[in-house]
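Full structure from sequences and hints, please.
Chains as they are written, first to last, in numbering that gives the first Met the number 0: chain P, 0 to 483; chain X, 0 to 468.
Treat each hint with caution, since some may be false.
Calculated pairs, EDC-like style, for lysine to aspartate or glutamate (alpha carbon to alpha carbon, straight line, at most 20 Å) [to be verified]:
id, chain 1, residue 1, chain 2, residue 2
1, P, K85, X, D92
2, X, K347, P, D48
3, X, K63, P, E71
4, X, K247, P, E286
5, X, K63, P, D334
6, P, K270, X, D276
7, P, K450, X, E393
8, P, K411, P, D451
9, X, K73, X, E54
10, P, K85, X, E54
11, X, K288, X, D276
12, P, K320, P, D192
13, X, K288, P, D192
14, X, K63, P, D31
15, P, K450, X, E65
16, P, K270, X, E65
17, X, K73, P, D80
18, P, K450, X, E173
19, X, K63, P, E28
20, P, K411, P, E241
21, X, K23, X, E193
22, P, K320, P, E286
23, X, K63, X, D144
24, X, K73, X, E173
25, X, K345, P, D48
26, P, K85, X, E53
27, X, K247, P, D424
28, X, K288, P, E190
29, X, K73, X, E193
30, X, K347, P, E49
31, X, K73, P, D82
32, X, K247, P, E241
33, X, K73, X, E53
34, X, K345, P, E49
Now the stretches of chain P that chain X is said to cover, found in silico as 3 or more residues with beta-carbon under 8 Å [unchecked claim]:
id, stretch
35, 127-136
36, 194-203
Hints are computed from structural coordinates only; laboratory data are not their basis.
For glycine and all other residues, C-beta sits at the position ideal for the given N, C-alpha and C.
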Amino acid sequence: MPREERFFFDRYGLTEQSLGGWLAAALSEGGDYADLYFEHTTTSSISLDESLIKSAIEGVAAGCGIRVIAGEQTGYAYTDDLDPSKILRAARIAARIAAGPARVSTVGLAAHEPPHNFYPVSSPSTERDLTEKIDLVWRADRAARAYDPRVHQVRVHYADQVRHILVAGSDGRAVSDFQPMVRLSVATIAEADGRRETGATGAGGRIGLEFFTAESSPESIAREAARQAIVQLEAREAPAGEMTVVLAPGWPGILLHEAVGHGLEADFNRKGISAFSGRIGQRVASELCTVVDDGTVPSRRGSLNVDDEGEPSRKTVLIEKGALRGYIEDKLSADLTHATRTGNGRRQSYAHIPMPRMTNTYMLAGPDDPEEIIRSVSRGLYAVQFGGGQVDITSGKFVFSASEAYLIEDGKVTAPVRGATLIGDGPTVLTRVSAVGNDLKLDPGIGTCGKDGQSVPVGVGIPTIKVDRLTVGGTAPKGLQSFQ
Amino acid sequence: MRRISGAVGRLSAGFRLPQENKVKEPLEQIAADLVAKALRAGATSADVVAVEGEEFSSVVRLGKIESLKEAGSKSLGLRAFVGTRSASAYSSDVSALDRLAERTVQMARFTSEDPASGLPDAALLGRHAGDLAIYSEDIRGLSTDEKVSLARRAEEAARAFDPRIVNSEGSSFEAGHGLKVFANSLGFVESYRESFCSLSVVPVASQNGSMQRDYWYSAAHSLAQLEAPESVGRKAAERSVRRLGARKVPTARVPVVFDAETARSLAGHVFEAARGDAIFRNASFLAGKLGERVAGENITILDDGLRHGGFGSRPFDDEGVAASSRPVIENGVLRTYLLNSYAARKLKMQTTGNAARGVAGPPGIGPKNFYLAPGIHSPDEIIRSAKTGFYVTELIGFGVNTVNGDYSRGAAGLWIENGELAYPVEEVTLAGNLREMLRHVEMVGSDLEFRGAIAAPTVLVTGLTVAGA
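Now the structure itself:
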């Protein structure tokens with residue numbers, strides 16, 4: 000395999016001089032900093048529906064985004080044509096944000112690879128044969144249908160991506176990275192007695208196809224999606240109102256992403272518009288809670304060797320034993336507030352301005368036995384699977400929608416209930432965490448986070464936790480009594 | 000020649016090269032050439048979507064420019080059929096299209112034979128002749144300073160509205176224009192231009208140490224149609240300020256008034272449920288309900304591709320099918336599903352011209368101007384009709400399942416007491432089932448305004464559970 004740091008140089012004829020020239024053009028009207036972000040992304044996907052391979056798609060997107068920072072201001076331009084004249088033109092457009100004498104950009108840019116590789120793959124998915132990927136999809140379809148005759152519809156989606164990036168900054172930093180991504184998703188519909196219920200899950204990460212042999216087989220993913228739909232066939236009305244909620248480990252960590260993660264992104268805090276603004280050092284969770292954002296977990300969907308500003312990824316403590324410790328930083332916010340960069344400057348693509356984004360956000364394991372946590376609840380909700388979530392950064396109110404949940408009655412998990420949204424207040428919800436299990440689990444590799452119209456892959460994780468009071472948005476307002 | 004569409008029984012008509020005078024744009028020629036390359040590579044039929052455009056955005060925060068962004072892009076996507084098998088590919092590199100065509104055809108050989116696949120019936124191809132007013136030159140003439148000024152004026156108006164507006168997430172003006180080309184191997188090569196602009200502002204209000212944000216925005220195909228920046232700013236500020244002091248309410252079942260912004264999302268759920276791809280999979284609560292009553296008699300929902308200046312107006316859809324207009328639900332009765340040619344063949348119906356796609360992948364299904372027809376009641380009248388109720392102004396989260404109709408979302412708004420807006424409410428959920436909600440829209444407002452391809456006026460719905468304290 001050719002050396003990664005040479006990718007754009009070899010393919011598009013870039014030279015260190017040309018990078019320097021474009022950076023000089025970007026700073027020709029002044030400004031504090033400029034960077035070039037080269038991206039080349041190859042994707043492929045396969046869709047199965049009604050036991051037919053209905054589509055196979057391949058695509059290539061390449062371009063260069065140019066940013067100029069002047070104080071709090073950002074000028075940005077991009078081109079999807081990597082001809083030198085087009086890049087120069089974009090650099091001059093980005094330069095217009097500044098008004099001052101030209102700045103001399105640092106010369107001597109030598110692209111290098113990141114200090115670590117958290118996602119080595121033996122052969123990238125894009126170089127594997129289409130038939131191998133089609134085989135994974137068929138195996139998932141067969142397994143989902145074999146799980147239960149009440150499974151009527153199965154959709155399987157395989158998607159992979161190989162992304163090459165090169166970030167070159169006027170501070171002399173030039174870093175390349177090779178970022179693979181694979182995901183297999185299964186969605187099912189089960190039908191019985193006139194009811195139709197859905198199940199959906201997936202698995203993946205920054206991996207090669209060997210993941211589906213070593214870690215998570217298409218059959219296991221498919222059976223899980225089928226199981227969810229079958230369970231829902233028996234679900235009764237969800238309760239409505241405040242109650243004790245126990246979250247299962249893994250993907251329910253989406254609670255952290257919505258309740259605290261977004262609110263701790265440095266851009267919102269620098270501007271004073273987050274419910275967490277100015278609260279560093281304050282108690283925002285019970286002492287049982289330590290929450291980190293960690294871009295270094297091997298092969299995870301949210302992991303990065305370097306962020307999209309060339310900063311190495313790391314593990315950042317956000318909340319330590321209940322106290323707020325730090326924010327999720329990108330370059331702009333860190334520079335303006337004299338904070339340390341955390342490697343969270345991310346962007347959807349070369350067409351987007353970077354901003355602070357999460358990587359893998361999870362809560363560290365606690366001391367409690369998960370079964371004991373459930374036994375300690377006389378009446379409550381046990382939430383196992385979730386769809387998406389959303390948060391209002393300013394008021395701090397957040398939601399996440401349970402797609403599989405059960406009643407807890409007298410310390411036992413009993414009847415499944417219909418899907419329901421849970422709503423809470425970010426700065427206070429974790430203060431009501433009264434038990435944290437010893438069973439930390441990360442999600443299977445399915446999360447995508449949206450902010451300001453930009454989507455990036457992320458991970459979440461959580462051990463079993465007990466939240467003493469959270470509002471459950473079901474339809475049965477008499478608490479846990481089904482009244483129909 | 001192979002049969003390419005079992006359901007309709009049409010044979011591939013073969014590729015007709017577009018006549019010289021027919022090709023008006025260089026991108027049309029590139030698209031037509033790519034169709035030809037695919038046929039040469041062994042495809043039995045093919046279609047191509049190509050887009051090029053320019054975008055601009057400016058963000059102003061607390062009176063200062065926060066960001067300026069400007070760029071142009073071009074990309075195209077090919078779908079190739081080999082018999083009833085198909086595959087797609089896309090690229091922004093127009094210099095390597097031979098390879099793209101060969102690879103797409105090669106991939107198609109690995110997909111399944113699907114008798115419903117194929118291009119639409121040639122007789123349905125065409126373009127709406129009239130001017131849909133979706134493109135305006137006025138956006139292109141704007142200087143950067145003028146664009147920034149629009150954002151600045153909107154934010155200034157918001158900050159001047161009330162002393163409790165103490166901060167801002169910013170104000171943004173975005174504009175763009177583009178060309179979309181569609182070509183297929185039935186000889187169809189057409190294009191249209193479209194422009195858009197939007198102005199939005201997010202003021203932050205504060206009182207007694209707690210903060211609230213809300214927003215307002217305007218969007219249009221032409222600058223002349225955009226709401227005045229001052230008006231956008233004042234509305235945004237008014238919405239943020241009225242949320243101050245919001246509280247949780249006890250769990251209850253009360254009448255719920257959805258303002259026009261949130262009612263729009265309900266219309267969106269009906270659209271999702273009426274999509275033909277959900278119907279043929281039996282994955283919708285509207286499946287099998289054609290001709291049946293699915294909503295109250297006061298509910299008429301239209302899908303109109305011909306609306307002047309409409310956000311969903313296009314001369315033809317993304318399979319080249321000419322634009323049209325039709326009722327989806329008429330006085331409560333489901334009249335049609337929304338179809339592209341694939342879903343139409345699956346359901347043994349005719350496409351409704353709702354094919355929608357970007358450059359990547361086969362056509363999906365999208366709305367034209369999909370809206371709930373207005374009723375006779377003013378929003379005030381609707382609010383006054385409720386003794387106790389919840390006036391919803393924002394919904395968050397994704398707890399909507401259009402397969403079974405289950406509905407549960409986070410909500411914020413104002414509590415109604417004795418027909419008056421009494422105090423702001425937050426941290427509550429709304430739950431029910433869309434099937435029942437459609438039958439219990441007790442009042443429909445007169446305040447229909449198009450702010451996107453999907454629109455609805457204020458509505459009052461009964462039977463929902465508000466979960467709070």
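Quiz item: Do the alpha carbons of K73 of chain X and E173 of chain X lie within 20 Å of each other, as the hint requires?
Solution: Within the cut-off at roughly 19 Å; holds.
Quiz prompt | Proposed proximity, E286 of chain P with K320 of chain P (alpha carbon, max 20 Å) | solution = Holds, at roughly 4 Å.
Exercise. Mind taking a look at whether chain X covers the stretch 127-136 of chain P? Criterion is 3 or more residues with CB to CB distance under 8 Å.
Key: That given contact holds, which follows from 3 residues of the stretch 127-136 of chain P lying within Cβ reach (below 8 Å) of chain X.
Quiz item: Does the alpha-carbon distance linking K85 of chain P and E53 of chain X stay inside the 20 Å limit?
Solution: 14 Å, holds
Exercise. For the pair we were handed, K345 of chain X and D48 of chain P, check the Cα-Cα distance against 20 Å.
Key: With a Cα-Cα distance of about 13 Å, the restraint between K345 of chain X and D48 of chain P holds, given a limit of 20 Å.
Self-check item: Pairwise hint evaluation, D276 of chain X against K288 of chain X, where the allowed Cα distance is 20 Å at most
Solution: 15 Å, holds
Self-check item: K63 of chain X paired with E71 of chain P [C-alpha distance capped at 20 Å]
Solution: 9 Å, holds
Practice problem: Given the hint that K288 of chain X pairs with E190 of chain P, test it: the Cα-Cα distance must not exceed 20 Å. | Solution: 17 Å, holds
Self-check item: Given pair status - D451 of chain P, K411 of chain P, alpha carbons within 20 Å
Solution: 42 Å, violated
Exercise. For the pair we were handed, K63 of chain X and D31 of chain P, check the Cα-Cα distance against 20 Å.
Key: Distance of about 17 Å is within 20 Å: holds.
Quiz prompt | Hinted pair K450 of chain P and E393 of chain X, Cα distance within 20 Å | solution = OK: K450 of chain P and E393 of chain X at ~17 Å, within 20 Å.
Quiz item: Are K73 of chain X and E53 of chain X close enough, with their CA atoms no more than 20 Å apart?
Solution: 9 Å, holds
Going down the numbered hints, you'll see the structure goes against 4, 6, 8, 12, while the others check out.
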